[in-house]
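> Produce the complete structure using the sequences and hints provided.
Residue strings, one per chain:
Protein chains: 2
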Amino acid sequence: MKTIIQTVKGTREFYPPEMAIRSWLYSVIRKVSESFGYQEYDGPFLEKIDLYAAKSGEELVKEQAFVFPDRGGELIALRPELTPSLARMVAQRQGELAFPLRWWSFGPFWRYERPQKGRTREFFQWNIDLIGTSSPECDAELVTICAAFFQAVGLTTEQVGIQVNNRRLMDSALANLGIPTDLRPAVFKFIDRRDKMRPVDWDAFGLELGLSPNQMEGLKALLEDTELWKQSDELVRFFEAMDAMGLSAYAHFDASIIRGLEYYTGTVFEARELSQEGRAILGGGHYDNLVADVGGDPLPGVGFAMGDVMIQIVLEQYGLIPPYQSATAPVLVTIFDETRQILPIRLASAFRSAGLGVILYPEPAKLPKQFKYADRIGVRFVVIVGPDEELAGQVTIKDLMLREQATIPQGEAAGWIKGRLAQAHSL
Amino acid sequence: MKTIIQTVKGTREFYPPEMAIRSWLYSVIRKVSESFGYQEYDGPFLEKIDLYAAKSGEELVKEQAFVFPDRGGELIALRPELTPSLARMVAQRQGELAFPLRWWSFGPFWRYERPQKGRTREFFQWNIDLIGTSSPECDAELVTICAAFFQAVGLTTEQVGIQVNNRRLMDSALANLGIPTDLRPAVFKFIDRRDKMRPVDWDAFGLELGLSPNQMEGLKALLEDTELWKQSDELVRFFEAMDAMGLSAYAHFDASIIRGLEYYTGTVFEARELSQEGRAILGGGHYDNLVADVGGDPLPGVGFAMGDVMIQIVLEQYGLIPPYQSATAPVLVTIFDETRQILPIRLASAFRSAGLGVILYPEPAKLPKQFKYADRIGVRFVVIVGPDEELAGQVTIKDLMLREQATIPQGEAAGWIKGRLAQAHSL
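Chains as they are written, first to last, in this note's numbering: chain P, 1 to 427; chain Y, 1 to 427.
Incorrect hints may have been included.
Below, simulated BS3-like cross-link-like pairs (lysine-lysine); rule was C-alpha separation at most 27 Å, straight line [stated by the list, open to error]:
#1 P:Lys189 / P:Lys62
#2 P:Lys48 / Y:Lys31
#3 P:Lys48 / Y:Lys48
#4 Y:Lys230 / P:Lys48
Calculated from the structure, these hints are not laboratory results.
Here it is as structure tokens:
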């Protein structure tokens, strides 16, 4: 026996049970996105490295992305994120598109990371953006969409929360502490590091950065201040809109949320699972100019991205993954013997024409074997046409769920099954 | 203004209108596949080159696929096809899976081809396989699925056809012409080349291969023989099952269909558009051992693959792409002025809770501007809450399709809209 070639590190295989989860996530994401009027789009999966280098520098892209030379020698990246492609697509048609744009996408991305719990090198990501306006009400819409997704998958406000802050608010708060403009980007990164360092190391790091002991005290008080948002007109309007949108119980102000990217300029947010692990589920925020790196007229917006790996871990943790339905069709039509192979095929086709999903057993076999298969794949109805049924123009149908069976005319069989399925749906 | 970084050659951007087509194709493929009881699965998008090299040789993979070294030096390929990943997935769990397997998938693939009409380097492909049995009725099921897909998208038997042949039949027909065993693989390839060469060149090529003038005459007669299938028990059963499955009008015997891959061992088929261009839409066939190259016990099956690019060209040619619905939600809620921003937000949320998709205008603006936006994005209903409506607890709703409007209590608005939408659906 040959050796089986293994998968590439950090990639996943989707057997039908795993694929059912991915497709379910995609369908919930579609439903939520479309209920707010967002249109689905997608960029290419391969892009020139220059598209990302403009934003992050070529070295960083080479370090974090899968990059390889094209046959012409040009460097190509497997897309590590969607925003640069989105920016190009918008900039290319800036004069034709009807703003504000509401666009969403769900597709594959690749990052060269050490595979670990919650991180794979090949993953799927939901991206959603509202582009072309700057109102705090738009920021609230995006955070509400995030909350509506949590509600749709069954995650409660006890299980997940969305922490919200505002970069402009933090900028003026740092100014009030006497932290000069040129030091503030470093202090933003310093704040962002706080939950990843030991307190004593964090303190030392702050002093090293050039913050005075007074400024350190002030900064700590700031980060604990749950009322700070009232000093921001944007956040006051944001939370007022959140309340009107009806899902504000998911959102909380948190002055320690900064988001790493300099790209964000206003309100920023992160969703986390609320148990001790505190897994980060998604992040997003308001930006001033989506198309800054690709040309085009300045264009503000707000958006977020959610990977499929961490949300699945959280959903599993809370038992919220829907049970796997192995059968995609409710009916198995059996083949009694070699001389009775055509009638079952005809029946299966008639059932499909009546709108029923049907699995046809592929060849004659002993009935117990066919029933065992029905059990394993999880169909509810098994249809049999033996010599007696054939002679009488009938079929026997076994309902494996209710453990009943009936022998009825062939022409009535599809209706009989559909009637029972309709009952199940109305229970 | 900076230069916009262009897309990589052979990749596509999916703006909402193009994405709507891709999603529609995916949804029809899902519906057809599931109506026959097939389960969705997917492999990784990155695979080690060795996975493909076992089947096609490393040089061919390097020539036809996107291949790059991993940081460990190992060669990785962007998957050019799904079958090797499928074979591994099945071989890995051969003892656990319930056979026959019915699996389908729709996802991205990459091939290093010269971009041309109908060919891109990054494309999507439907793969579907029935694995674990060898009956001609299974071959008929796959061809029927292909026909059911054509029927579902509106392609008629005048517009597309599925040409069917059988490798074993052809092998014995070549034997009858006195063509020795070791020459037959070359003759299969020679037959496959016929419609790509000038007749005179093809004739010369045949003699060069070592075929006698008599054998050439015999071969040509064979390729025109529309009754040849009657000599194959498999094809007799195949066409009998096709008739019982109800869509046999799409399928025809054609002795010139061979399929390039040696992997196929029995019945083979190709679907083509029937106008003069005769574009090839999909191809597939029966194989004896899916897992031959990856180990595991011999496993027969039948399957086909269809790319998204050519089928779209054919659908466009016949005007069968569904009209683009730019609005994903039927309702636009306007913002009258800055002091009246919260009530529209509340209304939009109430509408969504009632199951309506709603687009909220993102900021106060002159009403004509908001109506122009409604027109451009294609919503049907526009909801207005001005000072009079606010005072009276009412809303004004304009139905842009029927060119009517009504001013009604806010609590009745969602029901009013849903009633009109239900009428539209029942027309």
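> Now tell me if each hint is right for this structure.
Structure-based check of all given hints:
no.	hint	result
1	P:Lys189 / P:Lys62	holds (22 Å)
2	P:Lys48 / Y:Lys31	violated (36 Å)
3	P:Lys48 / Y:Lys48	holds (22 Å)
4	Y:Lys230 / P:Lys48	violated (55 Å)
Hints 2, 4 from the list above are not met by this structure, while the remaining hints are.
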